[in-house]
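Chains as they are written, first to last, in my numbering: chain A, 75 to 188; chain B, 88 to 197.
Simulated from the structure, these hints should not be mistaken for lab results. Computed from a predicted model, the values in this text were never measured in an experiment. Be aware that a few hints might be false.
Quick list of in silico lysine to any residue cross-link-like pairs, SDA-like style, CA-CA up to 25 Å [as the list claims (entries may be wrong)]:
#1 A/K105 - B/V115
#2 B/K189 - A/K92
#3 A/K131 - A/T145
#4 B/K189 - A/T145
#5 B/K157 - A/K91
#6 A/K105 - B/G181
#7 A/K105 - B/L148
#8 B/K143 - A/N174
#9 B/K157 - B/S196
#10 B/K146 - B/D158
#11 A/K91 - A/H118
#12 B/K146 - A/S175
#13 A/K131 - B/S117
#14 A/K92 - A/P169
#15 B/K189 - B/L148
#16 A/K105 - B/K144
#17 B/K146 - B/G181
#18 A/K105 - B/E125
#19 B/K157 - A/T170
#20 A/K131 - B/V115
Short, incomplete list of chain A residues facing chain B, as computed with Cβ under 10 Å [unchecked claim]:
#21 G114
#22 S136
#23 R168
Listed next, with one range per pair, are the computed distances between beta-carbon atoms [what the hints assert, rightly or not]:
#24 B/L90 - A/E137: 38 to 46 Å
#25 B/N105 - A/N174: 23 to 31 Å
#26 A/R156 - B/T164: 29 to 37 Å
#27 A/T139 - B/T138: 17 to 25 Å
#28 A/R144 - B/V142: 18 to 26 Å
#29 A/D77 - B/F97: 26 to 34 Å
#30 A/V86 - B/Q167: 31 to 39 Å
#31 B/I100 - A/M115: 39 to 47 Å
#32 B/V137 - A/E137: 32 to 40 Å
#33 A/I87 - B/E104: 40 to 48 Å
#34 A/E130 - B/S113: 18 to 26 Å
#35 A/M115 - B/T138: 25 to 33 Å
#36 B/S196 - A/V86: 42 to 50 Å
#37 B/T138 - A/R156: 24 to 32 Å
Positions of the beta carbon are idealized from the N, C-alpha and C atoms, including for glycine.
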Amino acid sequence: EADIYQTPRYLVIGTGKKITLECSQTMGHDKMYWYQQDPGMELHLIHYSYGVNSTEKGDLSSESTVSRIRTEHFPLTLESARPSHTSQYLCASRPTGTGNSPLHFGNGTRLTVT
Amino acid sequence: TQLLEQSPQFLSIQEGENLTVYCNSSSVFSSLQWYRQEPGEGPVLLVTVVTGGEVKKLKRLTFQFGDARKDSSLHITAAQPGDTGLYLCAGDSGYSTLTFGKGTMLLVSP
């Protein structure tokens with residue numbers, strides 16, 4: 075069963091459009107993450123959050139922004155989509171303070187920018 | 088920057104064969120996690136190994152954590168088509184983020 079939800083599952087959009095990818099989790103986890111992944115390839119961390127009002131940039135240089143106003147919600151926004159943004163975007167969460175806790179992933183949003 | 092080298096990158100085998108996937112690093116991790124990802128879905132945790140030298144078994148899958156907690160392996164016995172997927176190792180060094188390997192794409196043909 076999915077406790078972390080991503081919408082939309084698929085999105086095709088034109089260059090220059092602003093888009094927001096939604097991610098919500100019902101587990102009360104403090105830490106949340108956004109990864110970018112090309113099919114069958116490695117995960118690249120683009121943003122993460124320790125909790126409400128906390129956001130950090132990951133390893134991959136990105137033209138995206140995130141916000142964390144509520145514990146359960148961690149949306150990712152692309153101000154101006156480009157074909158190079160075409161990829162799968164995965165959201166994940168994990169609890170704080172439980173040591174060695176695993177990441178719980180959503181099923182991703184597959185974005186195509188034409 | 089911590090790195091996890093995962094090998095092989097791609098593996099295509101016949102049903103019934105055995106295989107081993109390796110995950111190596113020069114860094115020490117407090118634990119190491121293995122995930123499997125099927126097409127169109129997010130990765131799902133298979134196992135977490137914590138203690139150096141630890142061996143964990145999950146049906147036909149055997150996971151081992153190196154004595155120095157720098158490397159790990161995943162061995163699959165008698166692979167089945169249902170084992171097909173992307174296998175990812177991830178090292179936890181106690182910070183907020185995990186270090187992921189590049190993944191091993193496994194294809195098991197009937």
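Taking the hints in turn, this is what the structure says about them:
no.: 1; hint: A/K105 - B/V115; result: holds (23 Å)
no.: 2; hint: B/K189 - A/K92; result: violated (30 Å)
no.: 3; hint: A/K131 - A/T145; result: holds (18 Å)
no.: 4; hint: B/K189 - A/T145; result: violated (30 Å)
no.: 5; hint: B/K157 - A/K91; result: violated (44 Å)
no.: 6; hint: A/K105 - B/G181; result: holds (13 Å)
no.: 7; hint: A/K105 - B/L148; result: violated (29 Å)
no.: 8; hint: B/K143 - A/N174; result: holds (16 Å)
no.: 9; hint: B/K157 - B/S196; result: violated (32 Å)
no.: 10; hint: B/K146 - B/D158; result: holds (22 Å)
no.: 11; hint: A/K91 - A/H118; result: holds (23 Å)
no.: 12; hint: B/K146 - A/S175; result: holds (22 Å)
no.: 13; hint: A/K131 - B/S117; result: holds (23 Å)
no.: 14; hint: A/K92 - A/P169; result: violated (31 Å)
no.: 15; hint: B/K189 - B/L148; result: holds (20 Å)
no.: 16; hint: A/K105 - B/K144; result: violated (29 Å)
no.: 17; hint: B/K146 - B/G181; result: violated (29 Å)
no.: 18; hint: A/K105 - B/E125; result: holds (24 Å)
no.: 19; hint: B/K157 - A/T170; result: holds (24 Å)
no.: 20; hint: A/K131 - B/V115; result: holds (24 Å)
no.: 21; hint: G114; result: holds (5 Å)
no.: 22; hint: S136; result: violated (15 Å)
no.: 23; hint: R168; result: holds (9 Å)
no.: 24; hint: B/L90 - A/E137: 38 to 46 Å; result: violated (25 Å)
no.: 25; hint: B/N105 - A/N174: 23 to 31 Å; result: holds (28 Å)
no.: 26; hint: A/R156 - B/T164: 29 to 37 Å; result: violated (46 Å)
no.: 27; hint: A/T139 - B/T138: 17 to 25 Å; result: violated (40 Å)
no.: 28; hint: A/R144 - B/V142: 18 to 26 Å; result: violated (42 Å)
no.: 29; hint: A/D77 - B/F97: 26 to 34 Å; result: holds (32 Å)
no.: 30; hint: A/V86 - B/Q167: 31 to 39 Å; result: holds (35 Å)
no.: 31; hint: B/I100 - A/M115: 39 to 47 Å; result: violated (20 Å)
no.: 32; hint: B/V137 - A/E137: 32 to 40 Å; result: holds (38 Å)
no.: 33; hint: A/I87 - B/E104: 40 to 48 Å; result: holds (43 Å)
no.: 34; hint: A/E130 - B/S113: 18 to 26 Å; result: holds (25 Å)
no.: 35; hint: A/M115 - B/T138: 25 to 33 Å; result: holds (31 Å)
no.: 36; hint: B/S196 - A/V86: 42 to 50 Å; result: violated (32 Å)
no.: 37; hint: B/T138 - A/R156: 24 to 32 Å; result: violated (46 Å)
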